[in-house]
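J.: Chain by chain, the residues:
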Amino acid sequence: MNKALNRWRLGLRIARRDALRAKGRSALVVAMIALPILGVAGADLAVRSSQLSTDEWLSREIGTADARYEVYEAGVPILQHPTDPSDMWSSSWDDEEPGQANRDPGEDGEEEPAGRFRFEDVLPEGATVQEERSGYADIATEHGILWTDIQETDPTAELTRGKYTLLDGDWPTGPGEVAATTQFLTDTGAKVGSEVELAEIDHKVTITGSYELPGSLRSTSLLAPSDSLLPLLDRGEDPSNVRYLVAVDGGVSWDAVQAANELGVQVTSRAVHLDPPADADVPLFQHPDYFRWDSGIDSQAAALIGVAVALVVLEICLLAGPAFAVGARRSRRQLGLIGSNGGDRAQLRAVMLSSGIVLGAVAAVIGIVLGVIGVVLAKPFLENIGGSRFGSWDFRWLEILGIAAFAVFIGTLAALIPAINASRSSVLESLTGAKGVRRGSRALPIAGTVALILGVAVALVGGLSMGSAGMVGVGAVIAELGLVALTPLLVGGFGKLARFLPLSGRLALRDAARNRGRTAPAVAAVLAAAAGAVAVATMTAGIQAQERAEYVPNLPDGTVALTMWNGSESQLDPLRSAAEKTLPVTDRADLSTAQPAPAFCTGGSAANLDWDPDDCYLEIRTPPENVCPLWEEGSEALSEQETRDLRQDERCRFNRSAGWGMSEAGPVAVGGPEILKVLGLDRPEYRQALEDGKVLVFDRTDIDSEGRVTLAQYENWEQEEPAGTVVLPAEHLDGDGYGLDALMTPQAAEEAGLGTTFAGTYYASSDRPTSQDEQAFRGELDDLVLGSTTSWTIERGYTGDYSLSLLILAIAAMVIALGAAGIATGLAQADSEADLATLAAVGAAPRIRRTLSGLQCGLIAFMGVLLGAVSGLIPALGLLMADHRDRLDWWEREVAEGWDVGPRPELHLALPWETLGQLVVLVPLIALVFAAVLTRSRVTLARRAG
Amino acid sequence: MTSPTAASGAAPILELRGLGRVHGSGVTTVHALRDIDLTVSAGEFVAVMGPSGSGKSTLLTLAGGLDNASSGQVLIEGTDLGTLNKSQLAKIRRTSIGYVFQDYNLIPALTAAENIALPRELDGISARAARKEALAALEEINLTEVANRFPDEMSGGQRQRVAIARALVGDRRLVLSDEPTGALDSETGEAVLALLRKRCDEGAAGVMVTHESRYAAWADRVVFLRDGTMVDQTVSPTAESLLASEVKR
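Taken in sequence, the protein lines are chains A and B. Residues in the first sequence are numbered from 1 upward in steps of one, following full-length UniProt numbering. Residues in the second sequence are numbered from 1 upward in steps of one, following full-length UniProt numbering.
So that you can see chain B by itself, here it is in the shape it has in the complex (with noise of 0.2 Å):
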């Protein structure tokens, strides 16, 4: 198997090195994930593809410093997340890593201009300034008409778009996003998949995690997981192509 790696010559954001990932001990030990390396640059989008307990999610929360590795080490721009403390890994969650749920995941009790201005807000930034970061997000996704809604107000799709909006907010240039589509419809879930990729086609890296191949065909790269190891990759899929490599597998 080779080592998947960037496509063009642009810098790394995120860099997966022999990273592993065990639960449990004795008998009832699980490996979630063994030795993965994987780099994502600034500007490419790579899909995570598997079945069910493949390790998808478990990558995805070894990626954004919400779990601890067993093994291995995860780069942030060159920052290894295993020497940073608790208070530093939330440093890094807020200025670094924006994250995108199935299920939104935004805070009730916030409006969507508050939701986005969240990471800002924790981060220091004044609550004025955060929120003009904020509309100018929700301009540039078309939303700013639901700003001071909250999210038992909005549909789903516009719930989505706001978290993908926080989740670049700021500086942050990884976006890691678990199954970003699954709770919308097919048409809400392109629209979604095209914000995302304009977000990566502007110089951020994406990662994200998905069971769909039409989804997936949006992505540089795919790469497929399976019992915790990755088992392929496929550069500028097709949704055909990528049906016909799940099928082969």
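So that you can see chain A by itself, here it is in the shape it has in the complex (with noise of 0.2 Å):
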């Protein structure tokens, strides 16, 4: 015992001072572990300190008060969960008829629930009560129009201390004066003092002071004395848009929770989150629908972080390894000492193994620090980014004693290998340094060998049969393992391709494979970097040839569409102009969607902004011979393979294969025949047939067997059978509607009576609009006032664009690879620093130096991006082939069942040429250059010292 403590004693403090001694190399390998320790502490530490406490949560929802009661449906009972009331089951959800309160009004006689509920019934007796009350309106800004959350209350009461937070100026005391978020500041460009305006109401209000909301940042709110802006809004009175802090003795119990609860009111009781009921206790559990979520990680996402986690230590002890290997090939002679003295192969573990922990644990203390100081620093960023405040600094001294553990174990798992091989050296050869070529272990390569065959069948599996992304990793991470352990063999094999090169290629090629065990760390090193940036560039390449391959249109190509719901079509002039001035459009057809006959329309018509369950609207009646059976009520007595063959009938096919961009002006749209330019249907019989008055129709079985189309028109959205129908000639339109089912010009709507709302304009252009085409566009933009009703688009095809980050991505892995290779390069000078002089004595160049570091850093960096390209590859091409084969399970279910879900999935795997490119001939040139640029030509002699 005595004997294991002083040899961990003495090896620390050989390590201590060693990792003094070689600052670079200790750095360097600090710097590794440092990295992702920093991002972990720095996670936990933001991660912590977001998550609220409850009395922090509690402050920031209901200010100081007991409770908060607002309205879910009034009069309706609900069932709240006890601490999230907005998780709750409402009665009016239940199929039967639910309680009393809910009964239908009329039975007898009763009024309507919401009609007879007051507020006043439902709060504590003898509370404070402070009133809160939320709406909305169109402000105009410098800018144009925002939609603005508006809050009426008092924010200096004491019950809301805490909700709203005063930045700047002063909180609002009369009528015409708002407090603006600091959100609706920067989104309008307004200031403390400046004025705004009601756009809907032509009316002004002074902003006196910026406030934010803790929990909600990013919101951009008005806040204003009660009762001073929103009843000039006149939108009416809804319980719902209102809701009250109160205080009472002794707090909102549980009981008193329900109680409210039965009259459809929810409430976020302080008593109840602070001493929350038993589960037996709260109804809402019980209910038979209720589903209660399970917020605990699944065991396939914990296996994939146990992967994800695995994947990442290895990396680290890859790229840590090879420098704590130059560390023992330095205190080379230092270890023999210890061994002429006595020590055992235990005792020269311990003193390498030290290294890791010193410099494990160096890089812990650093990681964590430099993480905690980040996340200080960073705070108001990650706040904003956030959108709430933290709450106070929640340090888990448990949880970053266990980040400090994983640093101390990442660097001594790094320094397991270069310990092992230093305790097995000969005493007598680390003494006098001398080296020999060695046998490499044979047992080595043929568990390389299985592991690498093992960890390919199990990710090939994982992937194709059984669609698990954490067995794709599993075997990804012993493939990858089966690689480095096949590395020395490999290495060994380049080695045989010498011969066939000039000197200096030929001594370092040699060179490298003589000296496994210092080449074969770094080509591992750099096979590291290589394979996890050519696993990621894999799987974004196949990512983005998918959705390459299944992007939707949402128009035609190139179509610019500028829609608006509301308002006049004068709207749209500014964004027309814009769009001619700085996109490629040629052709323009205006459209309007066709609305019931006026008569029809007596409630609104669907057009509108807000949807109004009285408004008219129109549809296609499709005649009852081709009516999808599937539709009909009784389908759920067909038999699944009626179901799949009706599925190919094509009155239940789904045809569509484009986006929905022309909904705006549909179902039915109006306009001439400039939106088949539009539509790319431009041919000469659908031309006539709109001059004949027909109705294009998209869906051919909407059309009946005489050729007709039958629009049927509905006064409100509660009516079951149309109020009238209008039967017209049609034709059928062969190609995509991108959301309209139907066409017909304005003469042919006015001469079946119906009525139309300007619904956009849309433009086809001549090239598809570039990317600065669309800054442009945005640009003029800018610079105009728009309605909050008006819209853009422009269909510019698949634009994803993973360059940039395939890009940065490659550059990092060339700095580690290259980082990797240059630590073996410096190690393979410092041995061949007798091979220089000799080379040099007889005769050679002073160059070589310089042709040989260079060579031999190309050449461990090509090996190493070489077989990482290859082990990248095992874990991209599994999860890919897991992706899809989940998407295939899910399609073939859904088929059997008698769903159609579009075409079987298909796999796309694509190769990242450029990152493969950049790699394998850019890593090794450039490796090639810096070594042999930063190397001293001159020999100098060597000399050992004391």
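Treat the hints with care, since some could be wrong.
[What the hints assert, rightly or not] Just so you have them, the derived chain A footprint on chain B, three or more residues with Cβ under 8 Å: (1) 43-56; (2) 62-74; (3) 85-94; (4) 109-118.
Read the hints as simulated data drawn from the structure, not as lab findings. For glycine and all other residues, C-beta sits at the position ideal for the given N, C-alpha and C.
Join the two chains into one complex using the hints; note that each chain is given alone, in its own frame.
T.: Here it is, written out as structure tokens:
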């Protein structure tokens, strides 16, 4: 025991001092380990600090109040979660008549539930109450119109303390004054003291201060004194827009919460949050249809996380390993001395492993400190990204200690192989510096081959048969370990090519092959860096190929759509001017939406921005003989085979392949023949059909046997049978409608007595607009005041572009690969001094040293990236196959159940040739040049220090 | 040729019996040592001389258990090194054998005291106790002032004296030194030899490889090697007699 303790104490002492003596090498290892630790420690602190304590959360939600009452559905009983009122069940969702409060209002002459609801009946007696009202408004700003939340309350009241933070200026005190969130000020360019206008009612208000909602930093809100602004908007009384903060002696109990629930009121209670009821006392949890979300991590996710951690650890070990191997090589004589003084293998191992412990511990401290400092400095930025202020700093010491232990573990693991090698060296050879070419282990290549084959098999089976990403990951790790184990053998194999090379290349390759002990770890390090980059690049290329193949255009290629929901058509004029000025647009088509005859639209039309059940609307009525039996009542009685057969029937087939970019003008669009050009369907027969007053119909089954289409007109959405129908001659239009069911001319609509509402302008383009065109268009729009009911879309086809991220990835891999190759080259140089002196003595030119270094470095990089490319392809292809298997399983299941879910998913594999080229060609070349340039050409006489 | 044995009747510390060492095989076979018999007793100081390649250092590494003999036996205080595994060999190196090299061979990361304490710490003695022994050893060689200095903060002579102190710390009674004065000036070399001599006079057995007759003259006995074979020995040598022997050979 004492001896073991001494062994480690001595090892740690030597390692600590060695680390200080070899600062460069130590810094390299520390950086490699500290970097991921920095990320993990920072993420831990950021996540923990962003998770609010119950008190902090309550302060943001209900200020200092004991509870907040808000209506979900007035008078309709609900069941709520004790601590998450939004997680609830309304009795109105039950199939059967739920509670008394939801009974049919007419059955015993009672009022409707909402009608008899009064908040006063719900709030606790004797409570202090602070009302909060919310609504919205279109605010005209110097840029245009911004949809804005309006809140009315007293932010200075005791009960609201903690909910709103005043940052600048003053809280509003009277009518015509508001405070604005910082996000509102940023979005609108307004300042404290500015005036903004409520666009709908031409009413101006002055911003007296800026504030933030600590839990919702990106909220664009205005806060006004109670009853000062919302009544002006005259949107009617809606109980669900009112909330009450309540303070009452003794707080609000769970029983009181349930009593409020009976009247459709959700309650956020401080007392219930601090002391939640038992599950058995929560009726929501007993409801048969309630699904309780399990927030735990499923086993598949856990396996993936495990594999990801294993891969990261493996990569770090492979990268840091060579640095330790260099250390072991440099400390060879020292280890020999310890051996000559009686140090056994365990003691020699302890000395080397102690290096890993010491450097891992230093990396832990540096990583954690930098991670914490980084999060502290980046706090405002992180809060903005998360959209919420952190709570108080939450240092979880146990987790931080765990992260530190992980760093030490990685360091020790990285030093393990060099430690084993060092302990197995002969004391005499270590002392004398004698070196010979050793016969490599025979077991290692066999084990490597087995691991490689096994790993590839596991990854393939996992990917192709089981669709398991976890298995692919495990297979990838095994295969990579196999390749690492095979590296010495492969390096030896490369060495056989030496005889075909000129002198310098021959020397470099033979030296690398004969000194596999030093070459293999460096090659493995480059392998690790290249494998990671190739894996991610191949995955990305596959995903990109799939996205490109499965891209669904929203509009015909190159189309520019300028649309609006309500208001006057002239609102689009500035957009049209901007589009015609900056985009390569050609043909313009203005489309309206066909509406029922005005007589059926007394309650408004469906084209209004706010959907209203009273809106009238128009739709195509499919002829009875063409209605798909699957959509009819009684379809559930069909057998599976009948269902599958019907899926192939034209009546039931889902014929769409494109998106819905023109749906604003649908389902029946009204416009001239220009739209045919935009749709790419400009054929004479279609033009003729429109001229003849026919309706062009995209789905053949909408046309009856006599070549007619029936348009059904409804007065409102609750009407089950149409108020009237129009039957018009029709012709099938063979193409995609992008959300339109039919087209007709304004004359045809007028003759049919139909109304129209303007929907938008669509342009065809001579060329597909480029990103620059789009930027120019955006630039024009920036100077315009636009209504919030207009929008635009440019169909530029598939624009997914990962080239920048792939380039960054390749550069990162290059840097790591070059570093690893550089370390090995430095070591090779130190070993080759005698050979270089000999070469110089026999008349070799001074540049031979540079040439040799360059070639050594280049060869190591080349071998590493080549093996890394192979290694990286395994997980990437496996994961793509696993994803494909998943999608295929889902598709087969859906098809078996009779659903039409589109074409069978295809496997899209693509190799990232650009990244592979950069790695396989550029990395060795850069390594070669760098090593040659950075090497002194003068050969110095070697001297052994005491 | 006679088999060299200890002049006195003291207990033998090191015994080499028919020792041989062959490197390589087939056409590359090299006989580094052939059939060497040598016994060194407690209190005896033996010098080994011979030209380069005669096998002096090989003899020392075999005697120290750093290399394995091809034939014959190495016995340290009666224990045959050929019967020991690596761990047992390591143990015998830290408890019975001390090594002194030409180029000092102190561990750069350890102070003088720690270097001396190294074998004792490796043997499981507490760091405090080992340091106490090391300080006592330094006091004995009048070098207490360098106790906390690292090797690169000491002179060559100081380093070598620290190395000798390390070689004999604890109960070790065999000190093997390979050209211990090779990197020192003559005055410092003499001081180092005096220290080795003193240790042998106090009961240790010493074997020293050297090229120089004046240093070999400090020994009780000098054995001569040529081409791996022991060709001669001189008892109670003087520098002049050794020079004469070398000339004769």
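J.: Now, for every hint given, state plainly whether the structure supports it.
T.: Hint check results:
no.: 1; hint: 43-56; in the structure: violated (count 0)
no.: 2; hint: 62-74; in the structure: holds (count 3)
no.: 3; hint: 85-94; in the structure: holds (count 7)
no.: 4; hint: 109-118; in the structure: holds (count 4)
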